[in-house]
Amino acid sequence: MTATATSPSATILPFAEPLKAVRDTRPLRLITCGSVDDGKSTLIGRLLWDTKAVKEDQAATLARDSGSQNDLGLPDFALLLDGLQAEREQGITIDVAYRYFSTDRRSFIVADTPGHEQYTRNMATGASTADLAILLADARAGLLEQTRRHATIAALMGIRQFVLAVNKIDLVHYDKAIFDRISHDFREFALSLGVRQITAIPMSALKGENVVYPAETSMPWYDGPTLVEALELATVRSTQAGGFRLPVQRVVRPGESFRGYQGTVAGGSVKPGDSVVILPSGTVANVSRIVTFDLVRNAAVAGDAITLVLDRQVDVARGDVIVSLDGQPMTGHHFDAQLVSLQPGGIEPGKRYWLKSGSRRQRVAVEPISQLELATGKWQPHASTLAMNAIGKVRLSFEELAVFDAYDQNRSTGAFILIDPDTLNTVAGGMITAKRGEVGGIHRDQGGEGQRVVLSLPADLAEQLMASELFANRRDETEVKRMTAKQAAELFSNAGGDI
Amino acid sequence: MPLSVQETEVKNPPVSRPPLDPHLKALENEAIHIFREVAAEFEKPVMLYSIGKDSSVLLHLARKAFYPGRVPFPLLHVDTTWKFREMIEFRDQIAEKYDLDLVVHTNPRGAEEGITPFSHGSALYTDIMKTEALRQALDAGGYDAAFGGARRDEEASRAKERIYSFRTPDHKWDPRNQRPELWNIYNGMVRKGESVRAFPLSNWTEVDIWRYIQAEDIPLVPLYYAAERPYVERDGMMILAEDPRLELLPGETVQQGMIRFRTLGCFPLTGAIRSTASNLEEVIAELEIATVSERQGRAIDRDQSGSMEKKKREGYF
Ligand SMILES: Nc1nc2c(ncn2[C@@H]2O[C@H](COP(=O)(O)OP(=O)(O)O)[C@@H](O)[C@H]2O)c(=O)[nH]1
Ligand SMILES: [Mg+2]
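Chains R and P, in that order, are what the protein sequence lines are. Residue 83 in my numbering is what sits at position 83 of the first sequence, and the numbering runs on without skipping anything. Residue 140 in my numbering is what sits at position 140 of the second sequence, and the numbering runs on without skipping anything.
Just so you know, these hints were derived from the structure itself, not from any lab. Bear in mind the structure is a predicted one, so any value in this text is a computation, not a measurement. Among the hints, erroneous ones may be present.
Listing some non-contacts, in silico: residues in chain P with all C-beta distances to chain R over 10 Å [what the hints assert, rightly or not]:
no., residue
1, 22
2, 66
3, 86
4, 103
5, 104
6, 157
7, 170
8, 180
9, 229
10, 309
Per label pair, the in silico range of CB-to-CB distance [what the hints assert, rightly or not]:
no., chain 1, residue 1, chain 2, residue 2, range
11, P, 22, R, 85, 36 to 44 Å
12, P, 22, R, 256, 52 to 60 Å
13, R, 485, P, 218, 55 to 63 Å
14, P, 192, R, 311, 35 to 43 Å
15, R, 235, P, 219, 37 to 45 Å
16, P, 86, R, 223, 55 to 63 Å
Just so you know, even glycine gets a beta-carbon here, dropped at the ideal spot from N, CA and C.
Just chain P, same shape as in the assembly:
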């Protein structure tokens, strides 16, 4: 079996916990099955690691799937250089703690051409610094399978996607011609250059993710919990004001308030919500009565209906 990483004994042995409820157990079993299947069938898998809550759950499941062996593939983080500071700190701590192989890639065009979310607008910026960067990193690594933490309940075009999502050599997704996917039998046959994106969390909802984080005590970036933080209001979003690169526009002031984030991405494009939920129990309680979806805080998803499908066709994961 070709493995890209030497298999050695796992570093942090697990602790015993009370059994999961049957619903989460079923989701966990399915995800572990997918991880093992991809690791066995593909020559060079990689896991896309975005540092957010879904990635944190994904990583936890990967560690479970291969225990007592080590996670047999590297983690890839596409760093736009505009992530929240706390995300990067968290990423490096986790890689160290769990003895992971972390690959970080930044599209050099960002620095060369001065592409920032402020100068180029969210759509073009995302296209270059996320989608193009991802394609570059996948090509450079020669990966034939990439795990992602996407869930079908996130967005309408995701709801259509297979668990093994087939991509052409230039990473395109053809939603009208997806391979049929019956039972839990996955077709992992690809030609050289072709690849799949594999989504072990396909059938999880946002509430499932949080309940699982709670049940399994999974560490998260602190930005998910409410705290007194500085922010500015811009385009109907509250943007965290801690990075010196954020320049105030006329009329804007830095305010202080109890805020937190439901999703994490690039700080200039990610809106906070007002919240007093400063721990996991409170976040879950808040979520169970939430009336807006999690992607609501993301500038890049709001451009138009169908914008996610368009990005995915171009190779966004």
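Only chain R is shown next, with the shape it has when bound in the complex:
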């Protein structure tokens, strides 16, 4: 029994802290990643502790369970996270834990992910919904293989903001030179992944230095933000670029007169009077009403769960996508994608899987093309089974017409999972990169005679261009490859041109 529970009548005592201001932003979703024992769980435990998200009875349980595992007399904060019996017994994190805390400025949903390579799939689960990743490095060890691996997966899954926590700085005498070296290495690596928003912070998760409270005395040389300050300034993934998307979850027909299409807006916005197309059929209609429980609305934006009423009788079923007339997604039978293989059996070439994206489930055959070599960051040709935890580029072939956006355009309509028809388990998480023609890809159009322009741009400029409506509308006619400036220079010096 806990300490507080033994005292009769648990009175709620007023607390010295001022009341939290009413939050006015959407919660920021973040993950911690890095190698085993870098201090991920400790860091989140510390965040919860210092933002007062841990209550007295939980603290008492923690004190009781902690024993004496460090010389500082501090509780083992990781136990706040490692909630499974097996995790406590082994002192490791096996599966993602989701925790919640808030400051005066905003609220946070944080996923604590496992560091062991064998649990990489659980890390991918946490990364899929995150806006920001905190990557930890042990100041004594520097950047490890596993930290690079996690950073790569995080970037691949669309995370564009990194915080590097150079942790356990207390164990290297708060040495600035060590911090500078590790952050320099990391910055270079992150840039090569296309991530440019990087904040590096020297930290002691255990002692709570630069987590919530600054540490001027032990690290006078550091004048950057604390972790919480950095998190407060981070941006929530902006509403998806491009046109309106409503994957239809269900059709509601409460009476003869009413027929509505229920779903969550996955991109763009919609208002009564808009012309829409139902995919894959291609039928056109106009929006007559947007119904929600609260009131009839005059607009809905990405993220809203709505019921849409159209102005005419059309055939719409679960799995269809209602989209804006301008700025339609790609439709086709063949797509290129990247995926993370999540189960021991791997992803087998030619096997028919179930693919689920939005509310649509359809049969697909998967053909591996290459695999990411995490040590070097290079894609190596690979046509056989993609083993568990492998990241691969694949080609998807559908029997029925499929509807997608590219993942870098829309994180909802560009994402999918694969389900094994034998085990019914989720075996891969994937991201669409492009639509593929039967032969020659996009360059087949106009018999190879049409004119095309190859541009080489700074990544940020390219991202802005790709986020534009104009680009999104014709995404399936374009091809995008990321590379280092050096590679681009080589490509250009080898290419012909000047028609």
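Position chain P with the ligands against the provided structure of chain R, taking the given hints into account.
Positioned in the frame of chain R, the structure of chain P with the ligands alone reads:
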């Protein structure tokens, strides 16, 4: 689409309210999405309804999700027969008011073998009258999906649970082998006999629940608000003394005081707190400065660290 309940027009049309703040709106949208997805993909869903504040929010979200249609599945209440009297009254009023299909199940072993929280201890009693009873009710109904109001911030093993929590035919949860759950794409494929527990409130905190109740004006069992009530002190808990089945032990006396409950369960196992918060505003103000967690008042969660995981593995929701 197979529906277990005929879809007809909803009875109590909604009223307009000021828009929710973006944080609550995001949580609401996510919950509605989950409700619709489960209702569409499973053959026979059911909603576990425990009458408490989380269930009240869950029900409200279900009504929103399917509007203007009716809630397309029944509500299941596992009645241990030891619930607070006001809970049962409230349950029946709500079912009537919102035109819901309510299924109530009690494990017959309770009456047959005389199993009570007093005679058998909280652990065995909970195992039989809650966990086993739930398994019986789910099997009898042939449900392949059961919505629950559990939140990840309640307890450390819950924090690990997926939104679609897969269960074997004998309702077991294997925390070490959960299906990966990426983005908001849920895998609803199960074999006959297997099922999922679906948790639309996974990402809500206790404060979110209360702020949402306030914003949406959701009715609650009055026991959540402070009032002058009779109680006895036992094992460090204040137990409501209104049920004639509560026998006083030597040295115990019935006292009167301003008390309320942060969670509601079986009255002999649920401790009250001293409080003067007699309305929603005051409850929220009190909560925002609370220094103990809500589960602190529950005997069944305090037995040992990891006790919730153990119960969940056995089929507790
Ligand atoms: N001295 C010191 N020890 C730390 C710090 N952060 C974590 N640790 C210890 O490192 C060990 C591993 O931490 P844990 O949070 O379980 O690592 P995880 O595997 O990344 O989740 C634990 O014994 C922690 O107490 C720190 O900043 N300073
Ligand atoms: Mg850990």
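Handout entry: Hints that the structure is at odds with (numbers, increasing)
Key = 1, 2, 6, 8, 10 and 12
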